[in-house]
Amino acid sequence: MDRRQQKTQAAIFQAFTQLLAKRSYSRITVQNIIDSANIGRTTFYAHFKTKDELLQALCAHLLSHIMVSVQDKSHTHGQKAPLSLCRHLLQHLQENDHQVLTLLTCDRSEIFLRYFKHGLKDLFGAQLTVRPPAIASQVPLDLVINHVSSSFVDLVLWWLQGGRVYSPAQLDRYFADLMAPLLSTLPRVKTTEGSVSFPRTDDGI
Numbered sequence: 459m460d461r462r463q464q465k466t467q468a469a470i471f472q473a474f475t476q477l478l479a480k481r482s483y484s485r486i487t488v489q490n491i492i493d494s495a496n497i498g499r500t501t502f503y504a505h506f507k508t509k510d511e512l513l514q515a516l517c518a519h520l521l522s523h524i525m526v527s528v529q530d531k532s533h534t535h536g537q538k539a540p541l542s543l544c545r546h547l548l549q550h551l552q553e554n555d556h557q558v559l560t561l562l563t564c565d566r567s568e569i570f571l572r573y574f575k576h577g578l579k580d581l582f583g584a585q586l587t588v589r590p591p592a593i594a595s596q597v598p599l600d601l602v603i604n605h606v607s608s609s610f611v612d613l614v615l616w617w618l619q620g621g622r623v624y625s626p627a628q629l630d631r632y633f634a635d636l637m638a639p640l641l642s643t644l645p646r647v648k649t650t651e652g653s654v655s656f657p658r659t660d661d662g663i
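Just so we're aligned, residue 459 is where the sequence shown starts under this note's numbering, counting upward by one.
Worth flagging that the hints you see were computed from the coordinates, not collected in a lab. Watch out, some of these pointers could steer you wrong.
[Said to hold, decoys possible] Derived BS3-like pairs (lysine-lysine); straight-line CA-CA distance at most 25 Å:
no., residue 1, residue 2
1, K509, K480
2, K509, K465
3, K465, K507
4, K480, K465
5, K575, K509
6, K507, K480
Take these sequences, add in the hints, and give me the full structure.
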């Protein structure tokens, strides 16, 4: 894709996102997108065959943007992987990704959520495969990765539905507290009552 095509695609993505923020997906027509992006019909169809194809392309594009951003290893925030990634993800969503927030709250959010969770599974999986938690000796690691990814998606949705009243730092702490027992690399120990507890390291993980 040359620079002119990239510029046109960016204009289509922006126009589509702005429309999604104002009306339901079902009420948006291709002509609405064409008018908003100020392009010709032929130009639109040179990039996308349908509105559904545009939505999927936008989801994939935004997910790629997020994943590239969080893979910067300087963003550890004093934590160990994969929890070190979570705060940066949350900050990125709040500060930079209005398009992502629109997709997460529109009436076709399930499409982006599917892409988002898949990306998180790849991201967290790469970290947890290198440093598996202790619980992976008792349950499949894939199940742990799926649970962590699903929990993070639910955290983001809960945050959005609540009006984003909590800061990324607060959400990061809540998520770390919830996930610390699961992601501990220390062995589980039995208490005097016979139940199982997870010892915590000094950094809470």
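In ascending order, which of the hints set out earlier in this document are inconsistent with the structure? Of the numbered hints given earlier, the structure breaks none, since each of them holds.
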